[in-house]
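Enquirer: Can you build the whole structure from these sequences, using the hints too?
Protein chains: 2
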Amino acid sequence: MNKKMQPKTLPGFMELLPNEQILFNKMRETIQKSYEKYGFLPLDTPIIEDANVLLAKAGGETEKQIYRFEKGENDLALRFDLTVPLAKYVTEYYDKLNFPFKRYQIGKVYRGEKPQRGRYREFYQCDVDIIGDGKLSIINDGEIPSIIYNTFKSLGFDDFTICINNRKILNGLFNSLELEEDASEILRIIDKIDKIGIDNVKNELLKSVEKEKVETIIKFICIDGDNDSKIKSLEELNIDNEVFQEGLDELKQVIKFVKIFGVPENNFKIDLTIARGLDYYTGTVYETFLDKYRNLGSVCSGGRYDNLTEYYTDRKMPGVGISIGLSRLFFQLVDNNIISAEKECISDVLVVSMTDEYEACAEVARKLRDNNLNVQINIEEQKLGKKFRYADNINVKYVIIMGEDEVKNNVVTLKNMITGEQNTINIEEAVKLIKE
Amino acid sequence: MNKKMQPKTLPGFMELLPNEQILFNKMRETIQKSYEKYGFLPLDTPIIEDANVLLAKAGGETEKQIYRFEKGENDLALRFDLTVPLAKYVTEYYDKLNFPFKRYQIGKVYRGEKPQRGRYREFYQCDVDIIGDGKLSIINDGEIPSIIYNTFKSLGFDDFTICINNRKILNGLFNSLELEEDASEILRIIDKIDKIGIDNVKNELLKSVEKEKVETIIKFICIDGDNDSKIKSLEELNIDNEVFQEGLDELKQVIKFVKIFGVPENNFKIDLTIARGLDYYTGTVYETFLDKYRNLGSVCSGGRYDNLTEYYTDRKMPGVGISIGLSRLFFQLVDNNIISAEKECISDVLVVSMTDEYEACAEVARKLRDNNLNVQINIEEQKLGKKFRYADNINVKYVIIMGEDEVKNNVVTLKNMITGEQNTINIEEAVKLIKE
Numbered sequence: 000m001n002k003k004m005q006p007k008t009l010p011g012f013m014e015l016l017p018n019e020q021i022l023f024n025k026m027r028e029t030i031q032k033s034y035e036k037y038g039f040l041p042l043d044t045p046i047i048e049d050a051n052v053l054l055a056k057a058g059g060e061t062e063k064q065i066y067r068f069e070k071g072e073n074d075l076a077l078r079f080d081l082t083v084p085l086a087k088y089v090t091e092y093y094d095k096l097n098f099p100f101k102r103y104q105i106g107k108v109y110r111g112e113k114p115q116r117g118r119y120r121e122f123y124q125c126d127v128d129i130i131g132d133g134k135l136s137i138i139n140d141g142e143i144p145s146i147i148y149n150t151f152k153s154l155g156f157d158d159f160t161i162c163i164n165n166r167k168i169l170n171g172l173f174n175s176l177e178l179e180e181d182a183s184e185i186l187r188i189i190d191k192i193d194k195i196g197i198d199n200v201k202n203e204l205l206k207s208v209e210k211e212k213v214e215t216i217i218k219f220i221c222i223d224g225d226n227d228s229k230i231k232s233l234e235e236l237n238i239d240n241e242v243f244q245e246g247l248d249e250l251k252q253v254i255k256f257v258k259i260f261g262v263p264e265n266n267f268k269i270d271l272t273i274a275r276g277l278d279y280y281t282g283t284v285y286e287t288f289l290d291k292y293r294n295l296g297s298v299c300s301g302g303r304y305d306n307l308t309e310y311y312t313d314r315k316m317p318g319v320g321i322s323i324g325l326s327r328l329f330f331q332l333v334d335n336n337i338i339s340a341e342k343e344c345i346s347d348v349l350v351v352s353m354t355d356e357y358e359a360c361a362e363v364a365r366k367l368r369d370n371n372l373n374v375q376i377n378i379e380e381q382k383l384g385k386k387f388r389y390a391d392n393i394n395v396k397y398v399i400i401m402g403e404d405e406v407k408n409n410v411v412t413l414k415n416m417i418t419g420e421q422n423t424i425n426i427e428e429a430v431k432l433i434k435e
Numbered sequence: 000m001n002k003k004m005q006p007k008t009l010p011g012f013m014e015l016l017p018n019e020q021i022l023f024n025k026m027r028e029t030i031q032k033s034y035e036k037y038g039f040l041p042l043d044t045p046i047i048e049d050a051n052v053l054l055a056k057a058g059g060e061t062e063k064q065i066y067r068f069e070k071g072e073n074d075l076a077l078r079f080d081l082t083v084p085l086a087k088y089v090t091e092y093y094d095k096l097n098f099p100f101k102r103y104q105i106g107k108v109y110r111g112e113k114p115q116r117g118r119y120r121e122f123y124q125c126d127v128d129i130i131g132d133g134k135l136s137i138i139n140d141g142e143i144p145s146i147i148y149n150t151f152k153s154l155g156f157d158d159f160t161i162c163i164n165n166r167k168i169l170n171g172l173f174n175s176l177e178l179e180e181d182a183s184e185i186l187r188i189i190d191k192i193d194k195i196g197i198d199n200v201k202n203e204l205l206k207s208v209e210k211e212k213v214e215t216i217i218k219f220i221c222i223d224g225d226n227d228s229k230i231k232s233l234e235e236l237n238i239d240n241e242v243f244q245e246g247l248d249e250l251k252q253v254i255k256f257v258k259i260f261g262v263p264e265n266n267f268k269i270d271l272t273i274a275r276g277l278d279y280y281t282g283t284v285y286e287t288f289l290d291k292y293r294n295l296g297s298v299c300s301g302g303r304y305d306n307l308t309e310y311y312t313d314r315k316m317p318g319v320g321i322s323i324g325l326s327r328l329f330f331q332l333v334d335n336n337i338i339s340a341e342k343e344c345i346s347d348v349l350v351v352s353m354t355d356e357y358e359a360c361a362e363v364a365r366k367l368r369d370n371n372l373n374v375q376i377n378i379e380e381q382k383l384g385k386k387f388r389y390a391d392n393i394n395v396k397y398v399i400i401m402g403e404d405e406v407k408n409n410v411v412t413l414k415n416m417i418t419g420e421q422n423t424i425n426i427e428e429a430v431k432l433i434k435e
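Top to bottom, those sequences are chains Z and V. Start counting the first sequence at 0; every next residue gets the next number (numbering that gives the first Met the number 0). Start counting the second sequence at 0; every next residue gets the next number (numbering that gives the first Met the number 0).
A couple of the hints might just be wrong.
No distinction is drawn between identical chains; accordingly, a pair holds when it is met within one copy or between any pair of copies.
What the hints assert, rightly or not - The calculated DSSO-like cross-link candidates involving lysine-lysine, where the alpha carbons are at most 27 angstroms apart (straight line), are:
#1 Lys56 to Lys70
#2 Lys113 to Lys70
#3 Lys32 to Lys342
#4 Lys255 to Lys218
#5 Lys7 to Lys70
#6 Lys434 to Lys32
#7 Lys95 to Lys201
#8 Lys95 to Lys7
#9 Lys95 to Lys3
#10 Lys25 to Lys229
#11 Lys315 to Lys3
Source of the hints: derived by calculation from the structure; they are not laboratory data.
Expert: Below, the structure written as structure tokens:
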């Protein structure tokens, strides 16, 4: 006999057991249905793209992490997000698409990061984006939070907060203080506020920024209260800067429409500290936190970008969108016992034979399936005890047992595996009980 | 301004327009639901695997077509089917799985073939397999055709034929004629029967095979009639060979159970000429043809294999399964005008404003979504004509128009885009009409 090769899944690649996979798929389908409820069209772009197309914009970390290889004469790469393929898609099929173009895509993306607990090299992203042709109404930015809201409600969450900000407010502020060049360093310091406290942030800022300007920044990041009072405080800052005022106007519009689109007050708030990286988003930005598990970080983020396709075309195509990193989210939820796959099962009922009533089993399975039930059948030559252990292991709620008597009397014995209750009844009654 | 990079999807990679994608996804979901109806568990193994794991068994054409590359110290490859990953999976997680292990997997696989019309380098396979631990009842082989039947019925087909054979019958026949070594050459000649006719097949065979043996082969391939008479003719051949008789017994069992599992007589038949390659399947084999489009080739194939995992473990794990090559099937069905994506739409209704009734539109959209409708909203500053062109283009059946009067009177104007009918009604009535 040959020496056997020990098979092993690569580190950093999520591979689930069946019951976990059932739960994962349920979440994925819930997200999909929610995206479709908002009229987003499905896309499924290739995982492999021309490396030069994919990397037109990329650089730095992305370029290092990318899976890139040659096949024949082709320089290929695996997509590392769903945004660049979208930019490619809207440029390539521009003439055949209808704008504003709304699409969702749920698919795997690839980043050769150092594998860590809960960080994957292959992972699902679930994206929606709205792309305008030339321009795109700010009201779209107000609809996005209701998509996040509907999605996380559908996933079974109640306590979460969608944090909304507008990058123009921050940019305008720094602009008015003539601190544009220091913006990223200042934001880095501000980001530490939860860890080191307001006084230390202030002291750190004073090292490189004039006192008066630090006062304004501190005043800005201390803005508190409900959404209306935050808006009021922003207005009262009296910042004489066009970009700032534009951002404030947009934020006001967005907040107004978030309410109209039906997001309850306790599920969203203005958060003036979120910035989401400095080089990509240009207006509205979103982050979403589970209130009881804030430590998980943002579970759904996104924002407005001025020009999706600038590396491919001169045509201006502004967009707004969000992304859920499903693989990571799933890992975190399971890891923190927020969800559990332990009792998941795909089948409504398992049909087994007492001894060798295989034909009767097959007939019963057919009838149950004709009634739209998910039915498994065990027709192996196994002891009944083994078959019941199998039923236990796959978490199936009902087992139908076919023995000599059942065949003779044209009935079935239906056992509820949770209550232990057992009834010998005709098949129509069994269907009714199982469907309840 | 930078020079723009012209984005281009790679040749051989299917990328659909949104309406085509809607139809494709519907088919994929139909297949998934059908597989779940038979109690198969979902799996989603990585697309990237360790090249040595993936290629433990492969060779020849497969090895040439595979996408293989290095990243850091890792020798990686993209899966070229879903069967090898299944073999890996059941070996790796053996202790955590329940046998017989039934799983389905629907996912993309990769083969760097020369791109041709309708042949893809990245394509979906939709597989179900039942894996036994040590042994697996032949009755499972009788259930598989009912999965094929249910799947293609659910896809909207009535006229298709599942062809069933058993490799042991062919092997036993050649065995008894002491022609094992010529088997593949003989099968190649037999395969040409549709093209060159029975007499030419006979003449070709006579070149290398004794007359008496050719007579038996010709008698065998001329076996005709319904399934029962085919079985009878096979029995009457009186082939004194254990493998042949085993194959015949298995085929009889399979045919018996195919009927019990509910496949109508006109949707399956014994076809003694199908063999499905010589090195993989060991017993039952299946091919499926659309009766009116036989030229498309088999749309769903599979069979029984003795030992899925022989390259990974000494443990014997026989299995039986089938696969649908969905990307190719979809292409063929569209290309032959058997299905059309022209009228596909994801949204139930589009909400547009006459002039600038954006808030009213948002409110109406929310109410419609609360009633579980898929709703798109157009809140761009566009002329109404442009919005209706958009509605036409996305094939949406209903448009709700909100103007000054509608807002004032707390009603909506609902337009049926197919009939042109237009009603000004309250929102509850609109929901009812749209849902009809």
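Enquirer: Give a verdict on every hint.
Expert: Hint check:
In this assembly of identical chains, the alpha carbons of Lys56 and Lys70 lie at most 27 angstroms apart whether taken from the same copy (23 angstroms) or from different copies (22 angstroms). Taking the shortest Cα distances, Lys113 and Lys70 sit within 27 angstroms of each other both inside one copy (25 angstroms) and across copies (12 angstroms). Proximity of Lys32 and Lys342 under a CA criterion of 27 angstroms is satisfied in both settings, with 23 angstroms inside one chain copy and 20 angstroms between copies. For the homomeric pair Lys255 and Lys218, the shortest alpha-carbon distance inside one copy (24 angstroms) is at most 27 angstroms, but the shortest distance between copies (82 angstroms) is not.
Both within a single protomer and between protomers do Lys7 and Lys70 lie at most 27 angstroms apart by alpha-carbon distance, with minima of 25 angstroms and 17 angstroms respectively. With identical chains, the CA atoms of Lys434 and Lys32 are at most 27 angstroms apart both within one copy (23 angstroms) and between copies (17 angstroms). In this assembly of identical chains, Lys95 and Lys201 lie within 27 angstroms of each other by CA distance neither inside one copy nor across copies; the values are 53 angstroms within and 55 angstroms between. When the C-alpha separation of Lys95 and Lys7 is checked against a cutoff of 27 angstroms, the pair qualifies only between copies, where the shortest distance is 15 angstroms, while the shortest distance within a copy is 44 angstroms.
When the C-alpha separation of Lys95 and Lys3 is checked against a cutoff of 27 angstroms, the pair qualifies only between copies, where the shortest distance is 21 angstroms, while the shortest distance within a copy is 52 angstroms. Taking the shortest Cα distances, Lys25 and Lys229 never come within 27 angstroms of each other, neither inside one copy (38 angstroms) nor across copies (46 angstroms). Proximity of Lys315 to Lys3 under the C-alpha cut-off of 27 angstroms is restricted to the inter-copy arrangement: shortest distance 13 angstroms between copies versus 57 angstroms within a copy.
Hints 7 and 10, counting from the list given before, are not met by this structure.
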